[in-house]
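Required output: the full structure, derived from the provided sequences and hints.
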Amino acid sequence: MANLNLILGAVITGILTGGVYALMSSGLTLIFGVMEIINIAQGALVILGAYLSYWLQANYHVDLLVGLLITMPIMFFLGLLIEIVFIRPLKLNRTMLSILVTFAIAMIIEGVLTNRVGANYVELNAWYVDASFKIGNFYLPYIYVFGFLLSVFLLSCLYLLLYRTKFGYSLRASMQNRTAAELIGIDIERVSAITFGIGVALAAAGGVAFGATNLFNPASHYDLISRLLVIIVLGGLGSLRGALVASIAMLVIGDVTAVVWSPVWSSTIFFIILVAVLVIRPQGLFGQPEGRKQ
Amino acid sequence: MKLLKIILLIALLAVFIAFPFVFSDPATTTIAVFTLFFAAAAVGWNIFSGYTGYIALGHAVYFGIGAYAMALLCQYWKIPAGYAPFFLLPLTGLIAAAFAVPFGWIALRTRRHTFVVITIATFFIMQLMAYNLRFITQGSAGLSLPIPFDWSADFFNLPFYFVALAILLLALGTSWWVRNSKYGLGLLAIRDDEDRALGLGVNTGPFKLVAFVISAFFVGMVGGLHAYFNSSIFPPFAFDALFDVAIALMAFLGGMGTLFGPILGALILVPAQQYLTIISQSSGYNLIMYGVIFLAIILLLPEGIIPTLSKRWNKWKASRNSSKLTSAIATSPGSEDSIVVESSGKGVEQ
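Residue numbers (our numbering), protein chains in the order written: chain A, 1 to 294; chain B, 1001 to 1350.
None of these hints come from the bench; they were simulated from the model. In this text the structure is predicted, and so the values were computed from the model without any measurement. No residue lacks a Cβ here, since even glycine has one placed at the ideal position from N, Cα and C. One thing to keep in mind: the hints can contain errors.
Residues from chain B shown here face chain A by an in silico Cβ test under 8 angstroms; the list is partial [as the list claims (entries may be wrong)]:
no.: 1; residue: R1112
no.: 2; residue: A1241
no.: 3; residue: L1287
no.: 4; residue: Y1290
Derived lysine to any residue pairs resembling SDA-like cross-links, with alpha carbons at most 25 angstroms apart [stated by the list, open to error]:
no.: 5; chain 1: B; residue 1: K1078; chain 2: B; residue 2: A1141
no.: 6; chain 1: A; residue 1: K91; chain 2: B; residue 2: P1307
no.: 7; chain 1: A; residue 1: K91; chain 2: B; residue 2: D1195
no.: 8; chain 1: A; residue 1: K91; chain 2: B; residue 2: N1314
no.: 9; chain 1: B; residue 1: K1311; chain 2: A; residue 2: L90
no.: 10; chain 1: A; residue 1: K91; chain 2: B; residue 2: I1293
no.: 11; chain 1: B; residue 1: K1078; chain 2: B; residue 2: L1158
no.: 12; chain 1: A; residue 1: K91; chain 2: B; residue 2: E1194
no.: 13; chain 1: A; residue 1: K91; chain 2: B; residue 2: V1292
no.: 14; chain 1: B; residue 1: K1315; chain 2: A; residue 2: N93
no.: 15; chain 1: B; residue 1: K1311; chain 2: B; residue 2: G1053
no.: 16; chain 1: B; residue 1: K1311; chain 2: A; residue 2: R94
no.: 17; chain 1: A; residue 1: K91; chain 2: B; residue 2: G1053
no.: 18; chain 1: A; residue 1: K91; chain 2: B; residue 2: D1192
no.: 19; chain 1: B; residue 1: K1311; chain 2: A; residue 2: P89
no.: 20; chain 1: B; residue 1: K1078; chain 2: B; residue 2: F1229
no.: 21; chain 1: A; residue 1: K91; chain 2: B; residue 2: W1313
no.: 22; chain 1: B; residue 1: K1311; chain 2: A; residue 2: T95
no.: 23; chain 1: B; residue 1: K1311; chain 2: B; residue 2: N1180
no.: 24; chain 1: B; residue 1: K1005; chain 2: B; residue 2: L1170
no.: 25; chain 1: A; residue 1: K91; chain 2: A; residue 2: I184
no.: 26; chain 1: A; residue 1: K91; chain 2: A; residue 2: A173
no.: 27; chain 1: B; residue 1: K1317; chain 2: B; residue 2: E1303
no.: 28; chain 1: B; residue 1: K1315; chain 2: A; residue 2: L90
no.: 29; chain 1: B; residue 1: K1317; chain 2: B; residue 2: L1259
no.: 30; chain 1: A; residue 1: K91; chain 2: B; residue 2: D1193
no.: 31; chain 1: A; residue 1: K91; chain 2: B; residue 2: L1309
no.: 32; chain 1: B; residue 1: K1002; chain 2: B; residue 2: L1259
no.: 33; chain 1: A; residue 1: K91; chain 2: B; residue 2: L1188
no.: 34; chain 1: A; residue 1: K134; chain 2: A; residue 2: F153
no.: 35; chain 1: A; residue 1: K91; chain 2: B; residue 2: R1196
no.: 36; chain 1: A; residue 1: K134; chain 2: A; residue 2: G9
Structure representation (structure tokens):
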């Protein structure tokens, strides 16, 4: 195997980009855990976040990572708005209706972006996107490391929020049992709205790292949401740990497949692994087996 | 009452048959053909998702398999253009149904959200396969089908219209049969409470799988017909994410699990969508409009048109009956009557 170096490089980039996917999918799985809804718009929101950064950079020369200080709060409030206006009114059969509602939101976001910026592919730019450094025989752009560090930082913040604050206790209680959390006096609607906002803000952060390492256009969200869904189902719906492990595992496997076989098959491998795992463990790697709903 | 219903149905069928002759403009009949395609697919989808409550968002897989099966069979057997390809439709449906057996078996091991996500995943797997298995599908170059050149522009839509109508009627008949059979009751029991249904002796696994395969059969036939209508297919056309959601939305709009709901939904949404695509000048506009309609339907009519209307109708009838009764009570006190009337009113629903 003369390609050992290439495989090593693929593993490293897989781990680093896996961190970024962990960021995007943790928002998705968090929303699911608290609200029992799947936010199909997460992919579109990632793309929207990437375009916001692109716009800030093009018009005001704001650095991508600094721009997050502006885009993340904007996206947080957008998330609050979406939850309050579109998700909260769903009372009956909200599980299924929410999938359709968030799909509609994804379509609207895609439509607005196509209308405003067109369907051309763009990529985010900064000095650390072009510059790279050498490890072994392998050149690595700084953005991969920066994206990974950003993910680690934000996921640590998320960890502190969940496990060290009063809001985190309410959020985890809502995740364990929505009805019981409501009974002991947790304002579940407030927790849901804030969780949705946090999930969307994480999507914006993921969008910067995604947009700097991939070409994207408004329709890129289909591909993205399918990968994110696979990751959170593989990890187990509602499990943050599962989302982290599954992201890194999937990206490493995908990148290695691209090197040793062919890039066109790397996404297919993604889905085939999902199907194989679900045949053995229908609840995913870290998920709780589905019980009877009360 | 029953006679009235039958007369109404026959009249409706007559309208459908007469439509392309009355409005013979090709632009209009094209929209009508698309409407029937989607109506048939939505009725097929409803046989599984409407009755069992499992929302499948990957039925574009069976549409695509039907489309590719049609193209490949025409190529392989050198089928000439004309009426011959129509006879392949049952076969394309069966091929789609054959694919639905393993996919359904895997997906139906899970429930609720996970099920939805797996159906979406199967969709992306098959779309990627259509791009990547070049020796079968020619990749993104696509496949072409025989084109019936000797059909004039005015005539072209008619055969497709009536074949689509036939598929729709077949799907509707199947849906009606399922709805009124013991098997259908089992499916409805699964929708209401799967574990209890299992406990009461409904063999839930095979029940769900059979419904899944039946629905894939009809969607596959529609796929084959659509491919022949388009005369060429590409991966993004055959495996279209919008198709997945469009048929679900049609069933939702009309009323999930009702017999005519999906058709009503298709009759409203397909012409609206075609119209939006025609009038929208700037790109992305039709997506926005479609998304907004989508949101409005779900937020304003979460149960769909037919269930909402039948509820209103029953309420109105019950209130009218009870007001009659209160005047009748003065002469002959029979309060049990009002209970009987109300429960029979509920029975009329669907």
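- prompt: Quick check: which numbered hints come out false for this structure?
  reply: Violated: none.
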